[in-house]
Every structure is written in C-alpha cells, then in structure tokens.
Amino acid sequence: MYTELFDKIAFSEAKERVLSKSKLDIESALHTSHSGKVLNFEEYLSLLHPSADSYLEEMAELSINWTKKRFGNTISLYMPMYLSNECRSSCVYCGFSFENKIPRKTLNESEIRAESEVLYSKGIRHLLILTGEDYSITNLEYLRSAVRILKSYFDSISIEIYPMDQEKYEVLIGEGVEGLVVYQETYDPEVYSKYHLRGMKKNMRYRLDAPDRGGLAGFRRIGVGALLGLSDPYGEMFRLAEHAHYLSKKYWRTTIQISLPRMRPAEGEFDKTIFVSDREYVRFLFALRLFLPDSGLVQSTRESIRMRNHLAGMPITHMSVESRTDPGGYSGGEELKQFEIEDTRKIEEFTEMLRKKGLDPVFKDFDRAFLQVPDRMN
Amino acid sequence: MAESDDLIIAGRRFKSRLFLGTGKFSSGVSLEKAIHSSGTEVVTVALRRVDLSSTEDDILTKIDRERILLLPNTSGARDAEEAVRLARLSRELGGGDWVKLEVTPDPVYLLPDPIETLKAAKILVKEGFKVLPYINADPILCKHLEEAGCATVMPLGSPIGTNQGIRTLANLEIIIEQSNVPVVVDAGLGLPSHAAQAMELGADAVLVNTAIAIAKDPAKTAYAFKLATEAGRISRLYSNSGISTSKKAAASSPLTGFLEEESRNVHGVI
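Chain order of the listed sequences is A and B. Just add 8 to the spot in the first sequence (first one is 1) and you have our numbering. Just add 49 to the spot in the second sequence (first one is 1) and you have our numbering.
Heads up, a few of these hints could be off.
Below, computed lysine to aspartate or glutamate pairings styled on EDC-like, alpha-carbon distance capped at 16 Å [as the list claims (entries may be wrong)]:
#1 Lys45(A) to Asp113(B)
#2 Lys257(A) to Asp146(B)
#3 Lys258(A) to Glu196(B)
#4 Lys257(A) to Glu249(B)
#5 Lys76(A) to Asp302(A)
#6 Lys45(A) to Glu249(B)
#7 Lys257(A) to Glu226(B)
#8 Lys171(B) to Asp146(B)
#9 Lys82(B) to Asp128(B)
#10 Lys45(A) to Glu196(B)
#11 Lys45(A) to Glu69(A)
#12 Lys130(A) to Asp302(A)
#13 Lys258(A) to Glu195(B)
#14 Lys45(A) to Glu360(A)
#15 Lys257(A) to Asp113(B)
#16 Lys258(A) to Glu226(B)
#17 Lys192(B) to Asp146(B)
Computed from the model, here is a short list of chain A residues facing chain B with C-beta under 10 Å [unchecked claim]:
#18 Met9
#19 Thr11
#20 Ala68
#21 Ile169
#22 His318
No wet-lab data here; the hints were simulated from the structure. Cβ coordinates follow ideal geometry from the N, Cα and C atoms, glycine included.
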C-alpha cells in the first residue's frame with residue numbers, strides 16, 4: 009500500500025529536497041529528457057525548482073514532444089455529472105461542506121436520465137460521476153442503480169466519490185464502472201487534519217490507500233490529484249508524483265491519470281489559500297509530463313480559457329468541457345454548485361479551438377464490449 | 050559504494066552486483082580464481098552438473114557458502130514439470146530455497162520458454178522457493194513473474210553464450226523502468242563493456258559465465274567484469290554529467306509567452 013512509501017519521508021522534508029536542487033541538476037534532467045529517456049524521481053524534483061523557470065520554453069518543447077509521442081494529437085473529452093451534493097464531511101475549503109447551509113439535492117432515476125439525455129446529445133461518451141461524501145444517501149445500492157441507467161448512454165463511466173473498500177469497488181466494476189478518481193486534496197498530514205474536521209473524509213490514510221484498493225479491484229483507469237493551494241506546493245508535487253509513479257508500477261494493467269486543480273472560489277469562508285502562480289503551475293505540469301510520460305494529465309474547467317487554450321496538447325491530454333458542478337445542472341437544475349467554473353465555453357466552441365491548434369477532440373476511446381456489460385443504447 | 054547501495058534480493062543483502070555462472074570452466078582451480086577476483090557473492094551452478102549430497106564435488110568445494118550464495122539452476126529442464134522436479138530435489142539435498150529457474154526446450158539457442166517458466170515459477174513460489182527466472186527480455190512476462198512472487202527477473206541481453214552483448218536494448222529499458230523487483234541481465238554479455246552498459250541502463254546486477262570461463266585468463270577477465278559492473282553502477286547513479294542543453298536567451302518564447310500576458314489572477318482569492 010502507498011502508505012508504506014508515504015511513511016518513509018516526512019512532508020516537511022519534501023520541500024527541502026526540491027529546493028536543494030541546483031542549476032546543474034536542472035540541466036542534467038533536461039539532458040536526460042532530450043536524450044529520449046524518462047526522468048527519474050530526483051530529476052523530476054529538479055524541474056520543480058524555481059530556477060527551472062529559466063528553462064521553461066525548453067521544458068515546453070520537451071513536453072510537446074513527449075505528449076505527441078505517447079498520445080498523438082488527441083485530447084480526450086469528458087463531462088462530469090454531479091449525482092448529489094449531500095455531504096457528511098466538513099472540508100473547510102469545499103462548497104459542499106456539511107457546515108454550509110446550501111440546498112441539498114440527490115438526483116433520482118428520472119433526473120439521472122434527463123441529465124444523461126442532455127450529455128449524450130452533446131456527443132459525450134465519457135462520463136465522470138460525482139457525489140459528496142454521504143455514504144448513507146449515495147450508498148452502494150444508489151450508485152449501482154445510477155450506473156445501470158448511465159451505462160445505457162455512456163461507453164466509459166468513472167467515479168469520483170467517497171473512498172470505498174475493495175469489495176465495493178469490485179461491485180461497481182461489475183456494474184460497468186471503468187475508472188476511479190480519488191484526489192487526495194492535500195498530502196500534508198498536518199493541513200489535512202486541520203481542514204477536514206469531521207466525517208469519513210477525516211481519515212487521511214483510508215483515503216491515501218483508496219487508489220491501491222481500486223488497483224486491486226481492477227479499475228482500468230485511476231486518477232489521482234492534489235488540490236494546489238492547501239499546503240506547500242513543492243510537498244504536494246513531491247507526493248503526488250511519488251504516488252502516481254508507485255501506482256503505475258504496481259498496477260501495471262491500469263492507466264494512471266493525474267490532475268492538478270488549483271483552488272477556486274466556493275461557498276464558505278475559507279481564506280487560507282496558498283497562491284500558486286500560473287508560471288509555477290505550468291512548470292509543475294511540464295515536470296510531471298517528463299517524469300510520467302504515459303500518464304494522462306487532466307485539466308478541468310476550473311482553469312482559465314487562456315491557460316486551457318495554451319496547455320491543451322502541450323502536457324494536457326484529458327479535458328472536461330462545458331461542466332456544471334450542480335446536481336441536475338445540465339437539464340435545468342438550481343444553482344447548487346461545488347465551485348466556480350472559469351472556462352464556460354460550449355463544446356462546439358471548445359472543440360473548434362482544439363481543431364485550430366491541430367488537435368483532435370476525442371469523444372469516445374473506450375467501448376463497453378471490454379467490460380462485457382451489455383445495454384448500450386446504440 | 051555506500052552501504053545504502055547494497056543490492057537486496059528476497060531480504061538478503063549483496064555488495065557485489067556481478068553474478069557468476071560456473072559452466073565451461075577448464076578446471077576447478079580456474080573457477081576458484083575467477084570467483085575470488087570477481088568479488089561475486091552469487092554463484093550459480095547447474096543442478097545437473099553437481100552432486101549436492103557430496104562434500105567433495107569439484108564445483109561446490111570452490112564456493113565458500115558462508116560468504117557466497119549458491120544459486121542452483123534448473124538448466125536442461127525442457128518444461129515446468131522437469132524444472133520443478135529439479136528444484137525440489139535441490140532443496141531436499143541441501144541446496145536451499147533459492148533457485149535460478151531455467152526452462153529451455155530449444156537445445157540450439159537455449160532460449161527460455163515463457164509459458165513453462167511462468168507455470169513453474171508459480172508452483173515454486175507457492176512452495177516457498179526464492180525464484181530467479183531466466184527469461185527473454187519480455188516486459189509483460191516480467192510483470193507476470195513479479196506478480197507470481199519471483200524474487201528477481203533475469204532477462205537475457207542476447208542469446209546465451211553468444212557474447213553479442215545487449216541486443217534487447219529497447220525491451221530491457223522498459224523492463225528496468227517498470228520492474229518492482231531487481232533486474233539481473235543474464236546471458237550474452239561478452240565483454241566488460243557490455244556489463245557496464247547493462248548497469249548504466251539501470252540493471253540491478255549482471256550474470257556472466259562464458260565470457261569469463263573461456264577467456265585466456267579467467268581470473269583477470271573476472272576482475273575486469275567486476276570493475277566494469279561497478280563502473281556502470283557508479284555511472285548510473287552519479288555520472289549524468291549535466292551537459293548543458295539550455296538555449297541562448299531567446300528573443301521570444303513562442304510556447305510559454307502566454308504566461309507574460311495580463312492575468313486576471315483569480316486564483317488564490319476566495
């Protein structure tokens with residue numbers, strides 16, 4: 009389990025490991041990448057160093073080359089569907105937090121169908137379903153019923169819900185779920201305990217090992233991520249890459265994806281965000297690409313149009329589009345959103361931008377036939 | 050080398066990363082000298098060639114088992130059943146739990162059979178053996194063997210005894226990148242520079258037999274392999290010389306220039 013690796017180094021040491029890197033280390037790492045080799049972990053850490061900014065253009069070129077080599081000129085598109093904003097956890101930075109007195113909603117079967125109709129009509133075949141952390145309302149049976157409906161519309165269904173035991177993941181895979189997304193939010197134990205006040209999410213280690221349980225259960229894709237802005241970004245980037253690398257080596261049949269969301273405005277009064285500049289954010293993404301060239305790098309609509317336009321295909325390979333973060337939002341629900349969206353473009357406008365850049369927007373690159381789960385609509 | 054750079058296989062520590070094979074030596078004396086000058090701590094012997102029950106076996110008496118791991122191998126086995134039988138016999142006769150698994154039905158090139166090797170590995174691991182399988186440089190097979198519980202994988206550099214060096218470069222690179230168990234490049238290494246290359250690639254150890262056994266001076270050649278193995282390891286760890294690849298200051302940054310643009314900078318403000 010990843011926690012065994014996690015326990016070997018304290019979070020506080022991670023920043024020092026990055027900041028101890030020299031200009032020579034950075035140049036050496038770039039040399040490795042230029043010679044067609046994948047960076048080792050220490051070389052990856054070098055490229056996180058602020059001095060690597062002097063080499064950002066070179067890192068961009070390398071990132072494009074590696075991304076093209078491994079993913080071609082494609083950008084995989086997906087859309088999130090929020091099934092529920094019910095939540096029993098109190099995460100101080102999240103709009104869905106139990107403490108926030110917002111209207112709560114969980115989609116029923118006909119509402120799930122209504123949302124599916126809208127997304128299907130937009131050409132979307134890859135769906136990410138999300139819930140808050142309420143394991144009584146959005147329990148396993150609820151999720152099973154939802155997936156049974158959704159699989160008649162979508163080829164690929166991934167879940168971003170509360171962490172579960174391996175056996176429950178196996179049940180959902182049996183229903184037709186292909187991918188698992190578990191963002192750790194922060195890998196800093198001190199900050200984690202400070203920002204997760206109650207509920208199941210308070211158990212940091214249970215969450216840390218959720219991707220392992222997903223790997224053992226047999227998900228085809230597993231996504232990990234850190235929410236930049238909660239703790240020291242160097243520590244987060246150290247841990248996130250370590251975690252993704254560990255998973256990709258251990259669960260070798262599973263594709264690992266990485267997401268690097270930055271904090272966005274949300275309901276509540278959280279004001280402790282640690283600023284991560286655009287330049288840092290881009291540097292981190294480039295470093296990840298050169299260390300983990302086979303991992304999909306996912307970018308959501310949290311980021312600005314300017315950032316999304318430039319980063320598509322450079323290191324980014326998977327993008328959400330036209331997202332709503334409120335349950336029932338696509339078919340005309342209320343405003344119950346988890347956080348503010350930055351890029352609000354419609355799919356047509358977004359795909360046109362991609363095509364102008366010479367990129368191919370991919371709506372479907374998975375088929376239910378792999379899972380032997382029937383019931384496809386067409 | 051620092052103590053922290055010890056090679057660890059199935060919980061046992063080794064300072065040396067050069068394994069030595071014992072076939073083809075002209076005499077026991079020649080083998081003994083080669084073992085000494087190679088500094089090896091792992092010596093593999095073919096079960097079909099030694100008498101494990103004898104205290105006077107010509108090969109076994111040359112191996113100081115206090116310091117060196119005797120690694121019996123199943124060479125000659127044509128299928129899983131034969132290999133498993135040999136390994137069990139070895140354990141019964143005091144050969145220990147370690148076994149280098151070789152299943153080579155082809156008598157000409159002695160190429161390993163991937164299907165029978167995996168089958169035998171699964172059985173032997175279940176029976177408590179520490180299994181080190183000799184295989185072709187097949188990354189997916191390596192993952193299956195790792196999952197089966199093997200202590201290492203031992204992909205070949207080129208067909209055994211050919212001295213061709215590393216002809217399986219692309220696959221070895223993938224195996225080394227992906228493996229969670231030590232990778233020992235076995236077979237085909239004909240020159241010390243081949244061993245150095247394997248170690249520079251990131252192999253955890255190398256196994257050499259023919260190149261040393263048939264050399265004009267096996268002891269001196271073994272010493273050359275010892276130095277080459279260490280040099281390759283040091284090179285891998287410390288010698289990426291950091292050749293500068295930075296470009297001269299560019300007047301414009303076509304790919305990252307957008308970061309200079311005016312940003313609304315909404316991040317970090319809740």
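Here is what the structure says about each hint:
The suggested pairing of Lys45(A) with Asp113(B) is violated, with an alpha-carbon distance near 41 Å, which exceeds 16 Å. The suggested pairing of Lys257(A) with Asp146(B) is violated, with an alpha-carbon distance near 27 Å, which exceeds 16 Å. For the suggested pair Lys258(A) and Glu196(B), the alpha carbons sit about 9 Å apart, so the restraint of at most 16 Å is met. At most 16 Å may separate the alpha-carbon atoms for a hinted pair to count; Lys257(A) and Glu249(B) exceed this at roughly 21 Å.
Our distance criterion of 16 Å between C-alpha atoms is met by Lys76(A) and Asp302(A), whose separation comes to about 11 Å. Restraint check for Lys45(A) and Glu249(B): satisfied, since their Cα atoms lie roughly 13 Å apart, inside the 16 Å limit. Taking the CA atoms of Lys257(A) and Glu226(B), the gap is near 9 Å; set against the 16 Å cutoff, the hint holds. The suggested pairing of Lys171(B) with Asp146(B) holds, with an alpha-carbon distance near 14 Å, which does not exceed 16 Å.
At roughly 34 Å between alpha-carbon atoms, Lys82(B) and Asp128(B) are farther apart than 16 Å, so this suggested pair is violated. Of the supplied pair hints, the one linking Lys45(A) and Glu196(B) is violated, its CA atoms being roughly 26 Å apart against a limit of 16 Å. As the CA atoms of Lys45(A) and Glu69(A) are separated by approximately 15 Å, the hinted pair is consistent with the 16 Å bound. A threshold of 16 Å between alpha carbons decides the hint, and for Lys130(A) with Asp302(A) the separation of about 28 Å lies outside it, so the pair is violated.
Straight-line distance between C-alpha atoms of Lys258(A) and Glu195(B) comes to about 10 Å, which keeps the hinted pair within the 16 Å bound. Note on Lys45(A) and Glu360(A): the hinted pairing is violated, with a Cα-Cα distance of about 34 Å set against a maximum of 16 Å. Taking the CA atoms of Lys257(A) and Asp113(B), the gap is near 37 Å; set against the 16 Å cutoff, the hint is violated. Simply put, Lys258(A) and Glu226(B) have alpha-carbon atoms about 12 Å apart, close enough for the 16 Å limit, and the pair holds.
A distance of roughly 22 Å separates the Cα atoms of Lys192(B) and Asp146(B); the hinted pair therefore is violated under the 16 Å criterion. The criterion of a C-beta within 10 Å of any C-beta in chain B is not met by Met9(A), whose closest approach is roughly 14 Å, and the hint is violated. Given the 10 Å rule on beta carbons, the hint for Thr11(A) is violated: about 17 Å separates it from the nearest Cβ of chain B. Hint status for Ala68(A): holds, given a least beta-carbon distance of 4 Å to chain B, under 10 Å.
Here the hint on Ile169(A) is broken, as its CB sits about 25 Å from the closest CB of chain B, past 10 Å. For His318(A), the suggested interface contact is upheld, since its CB lies about 5 Å from the closest CB of chain B, less than 10 Å.
In the structure shown, a violation is registered for the earlier hints numbered 1, 2, 4, 9, 10, 12, 14, 15, 17, 18, 19 and 21, in ascending order.
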